[in-house]
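Novice: Given next are the chains, with one letter for each unit.
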Amino acid sequence: MADELPKTPMLDELEKGPWPSFVSEIKMAAKRSPASKDLLGILERSYQEKIGHWKHGGIVGVLGYGGGVIGRYCDVPQDFPNVAHFHTIRVNQPAGWYYKTDALRKICDIWEKRGSGMTNMHGSTGDIILLGTSTDQLEPIFEELTAIGFDLGGSGSDVRTPSCCLGKSRCEWACYDTMAACHDFTKNYQDELHRPAFPYKFKFKFSGCPNDCVASVARADMSIIGTWRDNIRIDQKAVGDYASAGVDVTKEIVNLCPAKCMDWDGKMLKIDNSTCRRCMHCINVMPKALRPGKDTGACILIGSKAPIVEGALLSSVIVPFIKMEPPYQEIRDLVERIWDLWCDEGKNRERIGEFIQRVGLGNFLEMIEVEPAAQMVAHPRENPYVFYEEYFEEGEEEAEN
Amino acid sequence: MAEKVSVAEVAEKMYKMVKEAQGMRKLKAMDLTKNIMEIYGDRVDKQTCKDAIREIIETEKCVYTYFGGSYIELPHKEGAANP
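Heads up: the sequence lines are chains A and B, in that order. For the first sequence, counting from 1, position 260 maps to 260 in this note's numbering; every step adds exactly one. For the second sequence, counting from 1, position 51 maps to 51 in this note's numbering; every step adds exactly one.
Bound-form chain B, shown alone (with noise of 0.2 Å):
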């Protein structure tokens, strides 16, 4: 049986997703879950997928925004928040 990605690996690959996306497209947590589940297959479940989330968003390399619906994006200051 293959063995299972850790949450910190997954996390990471999560982080460059989003940053590489960054300014192009808006992630949601549900295509960063399917992403990853392309790339490692059975290596990898929901579970760490949700718990990964949730270490880049608790770290702060990440955060949620809401466009309409909610999206995971780099922290950045908010063009409409004036000073």
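With the rest of the complex left out, here is chain A (with noise of 0.2 Å):
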């Protein structure tokens, strides 16, 4: 049935090298798929011509739900009439992304029978993405998810997916359960979710250490992340064996601190905690040596997005340390009050970020009754937002003319 594929002169291009190609991994799907094998006939013809042949958006969906499903329609459904649909489903992976092998086989099935077969696991929301079927199937396909306990995640102008990192299951720097405050989340805000009523997407990303593997820091509109606000613990024998290994703990590590909060007398290794950015680096390279302190919680972000509607945004600090112990009331709270804000004051496709960005930072503050805090300004003098009006007597200004 290989020989039946169409003819694909550029597409071939992307097999060649090393790597691997999504090319040779639709050509596999569409020896079993005929909808595979019509999507690099038009993938072809659109890297040929250089012209899209999707559409994307309108109306699909399940029943109840405006997110989960991503609607794609091709504008030659006679040449191409296996993808005249193409529709993506979003499933909600599981915190840390842990499957069993035979829960990844049921959803597979479940694909194999009613979509491409083709997946993409996971796709940059960290969801679990079924790519391709037709509208007709999008019931059966949601039942029978839900039958084997999956549910579809977000998309459009609502909560999506809440994703985290593996945090305490398998990573010594967590600060907090990172996928027990995923799950919470992600429970929690069901119908947000799956009933879109923002203004437009808000992500939540939950990592356990500052070195933020799910990149939180540059994507999620509240980025949670674990700290810590006692002591970096020192063993400062393991320490000298680095050092002794052929560790130059002044160049690698002293020098390279952010903050130059550390100093090395070739015996002990000092650390001034007052001034520690908690950026991770000592303790990254001196996991034996250095941890993170033992008063541990996540100081929460807000604020970041790729580059959509405008430009790539990182988070801003609103809350520097928090403890994370469910409920994990005080975020909700602060969750509310900030969706009731954005909902009346944003305006259509503002992210959280952009919205800040409008009313400025200090104005959102004060909506949002979080009191200004020295974490929250990156350099002195560099973010004049913060007025502390304690400090202007009346009728000084009056005086002072």
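Hints listed in this document are in silico derivations from the structure and should not be mistaken for laboratory results. Even glycine gets a Cβ: it sits at the ideal position worked out from N, Cα and C. Some hints here could point you the wrong way.
Claimed, not checked - In the DSS-like style, the derived pairs of lysine-lysine whose C-alpha atoms are separated by at most 27 Å in a straight line are:
hint : chain 1 : residue 1 : chain 2 : residue 2
1    : A       : 347       : B       : 46
2    : B       : 46        : A       : 7
3    : A       : 323       : A       : 347
4    : A       : 55        : B       : 19
Unchecked claim - A few chain A positions that, by computed beta-carbon distances, are all more than 10 Å from chain B:
hint : residue
5    : 44
6    : 238
7    : 248
Take each chain as given, in its own frame, and dock them per the hints.
Specialist: If you want it as structure tokens, here you go:
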């Protein structure tokens, strides 16, 4: 049957080289799936004509949900009838992406029966992505997925499927239980996840430590990143062992510390924890000698996004430290205040980070009832949004004038 | 204190808004909520609006659509959905 595949000279170029190729994967799927075969054909045509043949969006979904299905239709169905509809389904992944092979087999069985058989494990959102099915298959797929314990993820102007690093399940640096928090938030915000009610998307990402393995600082509207507020734990003997083994502690650690809060005299490593930025660099270089402190929790940041409507943004700190203990009520209250404000004042397709830029972080903090703190300021005098009004006595300005 | 408006009444009002806007303007869930709160004032709260949106969706009087963002519209045949 491989002989029957369409000729794809341009796509074939993408199979060359040592790296994996999505073209090879589609060709493999095309041996069993007519939709995948037509996908090869339409993609080759797009490459040759330099024109995309897909229309994205419109009406598709399952009853009651406004997210989880991304509609795709092609504009040349007469030539590629098996991809006339080629909808994507986002399935909410388990926290930490842990599966039993049995669960994966069941998902694959459903998808080979009702879709193209092609998956993307996982999409940049973190979801399980099932690529390519037709409108009439959506409800049966949803029914079969829920029967094996899976639900659709987010898409559109809703809470996107929360994602987290694997946290305490495998990582010794995790400062809180990211999987528990992610699972809790996913369950708590089901309504917001399935029924789009926001100006635009809103993403939660949970990282267990400042290494930020899920890149929440760059991608999440609300980044919840593990940290600690006491001192880095030091094993001086182990530091000495690293030095003896050839690690240049001064060059590789002390000089690269962004806060310049470390000192090494050849025998003892000293850290001024009051100025430490919790960047993890020293801990990453000498993991046997240094560990995060014991008083752990998380730092909450807000506003990052990838460039879509506007340019990319990184998150800004709004809560320097909070203990991460169920039921996370303080965070939930904060989230509610942020959503209320954003829904009332946000423009269509305006992410929370863009909204903050428009109204100003100082005003935003005031509106969500969060006190400014020094940790929100990257460099003194560079973030002039904090005004210490108590320093100005009434009539002072008039007197000066 | 003013009597609260029922979810059913809000749902009906929202449905009419969507119907009147169809083909001219796409409405988001938050547009419907804001409009309803403007009309009924403190006789309605956000939760009632949420429940009303859920009702018009689950009774299939309206559907969610996606065009860059998510909107609520009357069910219609998707223009790009070639047979």
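Novice: Kindly indicate which numbered hints from before are broken by the structure, ordering the numbers from low to high.
Specialist: Structure breaks hints 2, 3.
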